[in-house]
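Using the sequences plus the hints, can you model the full thing?
Protein chains in written order, with this note's numbering: chain A, 1 to 112; chain B, 1001 to 1420.
It is possible that some hints are incorrect.
To be verified - In silico BS3-like cross-links for lysine-lysine, where the CA-CA straight-line distance does not exceed 27 Å:
| # | chain 1 | residue 1 | chain 2 | residue 2 |
| --- | --- | --- | --- | --- |
| 1 | B | K1191 | B | K1309 |
| 2 | A | K2 | A | K90 |
| 3 | B | K1259 | A | K85 |
| 4 | A | K60 | B | K1127 |
| 5 | A | K17 | A | K90 |
| 6 | A | K85 | A | K9 |
| 7 | B | K1189 | B | K1384 |
| 8 | B | K1384 | B | K1309 |
| 9 | A | K9 | B | K1259 |
These are computed hints drawn from the structure, not numbers from a lab.
As the structure is a prediction and not an experimental result, all values here were calculated from the model.
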Amino acid sequence: MKMVSAIVKPFKLEEVKEALRVVGIQGMTVTETRGFGRQRGHTEVYRGSEYQVDFVPKVKVDVICDDDQLAQVVDAIMTAARTGKIGDGKIFVLPVEQVYRIRTGEMGPDAL
Amino acid sequence: MPEMDTGDTAWILASAALVMFMTPGLALFYGGLVRSKNVLGTIMQSFFALGLVSVLFMMFGYTLAFGTDVGSIIGGLDFAFLRGVGAEPFANAPTIPHNVYMIFQMMFAVITPALITGAVAERMKFKGYVMFLALWSILVYSPVAHWVWGGGWLGFAEGGVAALDFAGGTVVHINAGIAALACIIYMGKRKGYPQEAIRPHNVPMVILGASILWFGWFGFNGGSALGANGLAGTAFVATHLAAAAAILGWLIPEWIQHKAPTTIGAATGAVAGLVAITPAAGFVEPWAAVLIGFAGGLVCYIFVSLKPKLGYDDSLDVVGVHFVGGIVGALLTGVFATLAVNEAGADGLLYGNPGQFMKQLIAVVATVVYSFVASMVILFVTDKLVGVRVSEDDEQMGLDLSQHSETAYTAEGGGTSIHS
Chain A
1 MKMVSAIVKP
11 FKLEEVKEAL
21 RVVGIQGMTV
31 TETRGFGRQR
41 GHTEVYRGSE
51 YQVDFVPKVK
61 VDVICDDDQL
71 AQVVDAIMTA
81 ARTGKIGDGK
91 IFVLPVEQVY
101 RIRTGEMGPD
111 AL
Chain B
1001 MPEMDTGDTA
1011 WILASAALVM
1021 FMTPGLALFY
1031 GGLVRSKNVL
1041 GTIMQSFFAL
1051 GLVSVLFMMF
1061 GYTLAFGTDV
1071 GSIIGGLDFA
1081 FLRGVGAEPF
1091 ANAPTIPHNV
1101 YMIFQMMFAV
1111 ITPALITGAV
1121 AERMKFKGYV
1131 MFLALWSILV
1141 YSPVAHWVWG
1151 GGWLGFAEGG
1161 VAALDFAGGT
1171 VVHINAGIAA
1181 LACIIYMGKR
1191 KGYPQEAIRP
1201 HNVPMVILGA
1211 SILWFGWFGF
1221 NGGSALGANG
1231 LAGTAFVATH
1241 LAAAAAILGW
1251 LIPEWIQHKA
1261 PTTIGAATGA
1271 VAGLVAITPA
1281 AGFVEPWAAV
1291 LIGFAGGLVC
1301 YIFVSLKPKL
1311 GYDDSLDVVG
1321 VHFVGGIVGA
1331 LLTGVFATLA
1341 VNEAGADGLL
1351 YGNPGQFMKQ
1361 LIAVVATVVY
1371 SFVASMVILF
1381 VTDKLVGVRV
1391 SEDDEQMGLD
1401 LSQHSETAYT
1411 AEGGGTSIHS
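Here it is in structure tokens:
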């Protein structure tokens, strides 16, 4: 199993969620987060002083999938989250050792 | 001798309630501007003034400001603990009960020292604040109120300077503004200022607070007519127009300079306009109120923009808004005041009386010198006895937790009750 952790633009969340549903993903975890990459930050103005704000608001979507689903999942996120402009985000893929469903005790792909 | 008037009484009671509400409004205005770890500490500094200053004012504050004049400097102790302050009217306001006049004045005494707290936001020790608040209220607020309104040497009493201050430009705003400067100089900058971007944590809270201030200001200025009459209407109209024009006075240069008309700018501009019109509200024509408000917004914007170059940490711009706006208002009152609006006032520079401008200047300088020196002495004494600034660790942790053992915005769970 793999964990796909995608940092995307907040307004792209709905499209990413729909795209993942279409490829058969049944659950995900979403976190509001902040960070910067090549986009760097933006400028804010408070009472006549300008501030450089480095951390830009982003949304992190975590999905666990079976190995054979990985390409589809990555492709779904990549397509849905892309605007072509700087700041579209990143996708990280990590190996997952085990998954348990707390209610039933099921393990592995059955618990997804 | 005019008779007691029920309409006047009703309006001043309502105005007292409006002015009371300005202090929690100020708490939200300031609270939104600080970081989330300091929001309760900041709100508490204003809210606590409602507690301590009200009680002190009942005991000594009122009588020192409005008791029988002693040497044009201070009020006597005849009204200590509000003795004799009842339903019968008092010379300052002959158509309303004395206790109604007193409670209206009490609300001014509460908000004035609370204004100072914004200058040294996020770093004042609460214990030190309590002591500073008590001493400042009695030793600075009451004497200055006496000088201007209580029959002292700056007001209209026999032999007085006869400076015009309709609702507290000198007594409230210049007084608090210069005391704020003393606090900034004494206490120094916040840790991390100005290298780190210390940003407001809740901008809608700032706008709500400013709106409550604006709303309460109708009582502050309108009530200062001390009657439900045409003068109250004049002051009410001037107050609204000045706040409105000041939004423009702040936003136009901000938009040009930073390409951004900000909501905090609009709110701050409105407050600057309200400060500027305070001494003038019952003495000027509506067009002059617009000019005074616009000037207040514009000059405060310029001054606040220069703050980084001045190199001091006036955290929430108390000097930049209340001191600067207060001076703009006090001096422009000496320009635009006219007897056509208020027979009990005076003509200003524009109406052929340049002397009034000088009188205004004298009142400003007197307030600045006394309040600055007295505030410095109070800070020094308080610091030696209980300390005025939090420790570096407490500052890092934030006032909410370090001074009040509370957190403003909590997540569910994660703790158990110690006493249950």
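Hint-by-hint comparison with the structure:
{"no.": "1", "hint": "B:K1191 <-> B:K1309", "in the structure": "holds (18 Å)"}
{"no.": "2", "hint": "A:K2 <-> A:K90", "in the structure": "holds (16 Å)"}
{"no.": "3", "hint": "B:K1259 <-> A:K85", "in the structure": "holds (23 Å)"}
{"no.": "4", "hint": "A:K60 <-> B:K1127", "in the structure": "violated (44 Å)"}
{"no.": "5", "hint": "A:K17 <-> A:K90", "in the structure": "holds (16 Å)"}
{"no.": "6", "hint": "A:K85 <-> A:K9", "in the structure": "holds (11 Å)"}
{"no.": "7", "hint": "B:K1189 <-> B:K1384", "in the structure": "holds (19 Å)"}
{"no.": "8", "hint": "B:K1384 <-> B:K1309", "in the structure": "violated (31 Å)"}
{"no.": "9", "hint": "A:K9 <-> B:K1259", "in the structure": "holds (25 Å)"}
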